[in-house]
Amino acid sequence: MTAESTSIPLPPANAKESIICCEYCPVACGYKVYTWDLGTQGGPAAADNALGVDFPTELLSGRWISETMHTTTIVDGELKNVIVVPDGDIEVVNVGGTHSVRGGALAKKLYNPNGLTNDRFLYPMLRVQGNLVPISWEAAIDLVARLSQYTLDNFDELAWGMKIYSYQFYENVYAASKLAFGDIGTPNYSPHHAPAEGDDVPGLSDCGIDAFSAAFEDDKEADVLFISGSDPYETKTVRFTTWQQPGGAKIIYVDPRKTFTAAYAEANGGIHLQLMPGTDTCLYNAISREIITQGWEDAEFIAANAASRTELDGEGSWRRQMFGLSFNEYRDFLFSNDDFTLQGAESETGVPADKIRAAAEMMTGGTGPRPKATILFEKGVYWSHNYENTASIGSMAVLIGSSGQPGRAISRMGGHQRGGQKAAGYPMDKSPHEYKGNKVEMDTERWFAEGKTRFRWIVGTNWIGAMGASRALAAAAERLTSVGPPVTSTDPDLAYAALTERMDNGGTVIVHQEIYENDSTPFADIILAAGAWGEDNYARNNAERRLRLYEKIADPPGEAKSDWEIFAAVGKAMGFAGYDWADTNEIFEEAAPRSSGGRRDYVALVEKAQADGVRGHDLLRTFGTKGLQTPISLEGGEFVETVRQHADFTFKSNSGKANFVLSDWEAVKERNAILGPVDDELWVTNGRVNALWNNLSDFTRRRISQDRWPMNFLEISPNDATARNIVSGDLLSIESDNVLDQLGNKTKGGFTAVAYVSDIVPDGVTYSYFLYPKQPANSVTPGDSNLQPINLRYNFKLGKGRIKKIGTTELTETMSFAPRNLVPG
Amino acid sequence: MPNMTRREFVYLGAATGAVLAAGAALPLAILTRDAEGNAVGAAVFFPEKRVASLGDLEIGVPVMFDYPFEGQASMLVKLGEQVPNGIGPDGDVVAFSRICTHMGCELTGYQAEHQVLGPCPCHFSTFDLIHGGQVVLGQATQSLPQIMISLDGETINANAVVGLVYGYADTLDEGVNA
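Going down the list, the sequences are from chains A and B. In this text, residue positions in the first sequence follow this note's numbering: the first is 1, and each later residue adds one. In this text, residue positions in the second sequence follow this note's numbering: the first is 1, and each later residue adds one.
No lab work stands behind these hints, which were simulated from the structure alone. Just so it is clear, CB atoms sit at the ideal spot from N, CA and C, and this is done for glycine as well. Each hint can be trusted.
Output of the computed footprint for chain A on chain B, the stretches with three or more beta carbons under 8 Å from beta carbons of chain A: (1) 104-118; (2) 128-142; (3) 171-178.
Label-pair restraints from in silico Cβ distances: (4) A:L79 with B:D56: 47 to 55 Å; (5) B:G55 with A:D37: 49 to 57 Å; (6) B:L151 with A:G130: 53 to 61 Å; (7) B:L151 with A:N118: 37 to 45 Å; (8) B:G55 with A:N114: 48 to 56 Å; (9) A:D37 with B:E113: 44 to 52 Å; (10) B:A112 with A:A723: 22 to 30 Å; (11) B:E113 with A:G248: 23 to 31 Å; (12) B:A112 with A:L79: 46 to 54 Å; (13) B:M64 with A:P824: 16 to 24 Å; (14) B:E113 with A:G598: 47 to 55 Å.
Pulled out of the complex, with its shape left as it was, chain A reads as follows:
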């Protein structure tokens, strides 16, 4: 029997209404929040409830309140009723109030002192003789500031590191980067998903195309959608169900797995290009070569917009100089390698030649009219072979003119929302790492594993589980935090003495700023209890650059503080100026000039707010859940938004032209030979499923998610399962003796999972959730950034392992093992 309620309290007509957007995927659906006193409720008549709708509501009303949309949480010091419901009036993003399985349970994210979220960190803590014990904020801030200063005084700024989410709102990221880049000046700073700062899609950027240039309406406008390395139904649900599927475009879907979207594509006139892991570059280049062979390229677009050799020679960036190609050079490159023939590509990628050719024809219209084709991609592309894949898919877009035009674009689909508004530039000159004599962002995980980071501040991420070779990284963390004397007292001076002695002895001090305990917490010396989504006023963009205000709807629990407050307190304690913000609006306004000229440019909003004598946040609030599509400008007192970028065919390069970019497939093949499975190993690739999100900090505390996914799973094909005597529900070990760690050494990795036997994966390929607590798939993915030296990204999608049944579970009684790729007949 599943857990359900028989009734949901309705908000009375006078309930307080707030606006917010979803916390999770980059679509960022708009929601409304209603807050009211316990012991009261509205009635089913429209006039008697805050939603203004009669209950029972009609189907597709977008105004029903499910059990997962209600909770009780603390607001202004009192326990209140709160519902978080899709905005039924919204005309963008989640039009009509639809939602995903994730967003439909946002209320369950909120702190409930009597509920499943009541294990939030409530106060700062210090590890004393192995146990985390509460301390005061005064002591915690003092310790963090003094330990930071000690690091700078006795080592250097490269020994002071920060590992932090890249997305958790403009205001927090701005405050963090002001401290790390602006005042401390360290390059030892990296986002939650990578060992180094920098561009996730450098190949596309070198094409001169912005990573988030398209609008959701382009998906609906397109005749053909080429979607690679991202399952929109699973992970960007509302973008699929509201913009892609209703638009009726034929879908060319590229993925080793036959997911729902793959099956949907095939059932609706599209194509599934089921390539083997690690072969994207070859596939894209083969499609491009076929297009040129048949004369199907957009010659007019190329002639008008593609850079010449002379223009490329004038490029300022070393990468564009090194890899940029004119059209003729690009054509010669494609025809120089037989792997890019239809037959060669079939051999390399496993995709039948006729499907490659059909994709080329579908994208271009062949000899018929040119369709509007949009190319969308995400982590399956850039966490496989980063530079080569993003360069080859970007070049394919230039070849067919898919940029800057309605229904004709190339864009990332996004992994999370876009909140990375930095306060200062990355100090590249201080980075110790380089590629062929050119500075690249510092690999902070390699630096850590080498023992060169003496102080590391981990903010809002399960750092250990999120990095490649996670077991080896955990061992390094264990080793480095075990050096020297333990802290034996909560006395700040005694703790400071012990921790600085550890630094002197070659160890590392770790500060963990978080909302819940996770797999990285055991290595933390100091815990800083943080606030989260809905616990302060924040701003953030979604994947079509829509800037919205996320209003505060609840108090941070206990003594927890908003992240920006913690950064500001440490900055002030270290004697730095410029941290006297009264609230997040002051940061939002201060940060605006830093957005100038970029995709987030909201300078006009703040300028108008200040001219009108209102706060920037308050002006943004007036645009509700629709927000403003950045970059924005002001003309005649009205905001001019940017639906899609490059609409004037100006590209982000020195010449303003678009570039073709070299993608070194031979280098990829060498890497695949190192990374690929051998003997009885299988590929162990990984990603998301729609009922879970990231490190599951919310989802292990959400009944529906735990009913569905009570432990990590491993999809394995029927043939591979039979060969190993495995059936669904068995407990599996996934082990590898050949995981390249942060130092490039071969190490062991492994995790356990429940078997999910399914033809969603082909023979030879398995799939697991990437960041399940205690069962991290990243323990068998490489952590050696030398494999991708151009921009130091991990090959997260290219894990491997031996799969072995080690027992059975009783999960077949409670967990569905039905196919997850059934589509309407």
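Could you slot chain B onto chain A? The hints should help.
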């Protein structure tokens, strides 16, 4: 059938199974609560309705009916595999609401091969009837409401609903009994 309102129902704290065994004739709801104070495993009893005859059932062939109110599409099916709450000599007969818990569209496609209901024609949620209507894949945030059924000789009767039906703030909100 008369309109039924919440005022006609009695809330008890007994176990669902005990009431089913006793063949409760009165509409009532039985609640348990989780750590958050939310009602869980709650069966709300409605007037009994005959929905099928055991001897007429074929494995994998659903029987459609409305319950508890008119317009609340439901279905009964002999799964061919014993499941919790299944009735009949093989313990494999179950019934569920066919109203998608995502946005209220009517689920029509029972796939006997996989014992799932769906995908929903609107946003493609699919529900596993072996596992209590659990969401296999999709956007619904709760399982399908299960219709509790009982056997009286050869007659299968619907007695109660577990779970909130889309659109309703309360399972006991007014409606015309089916």
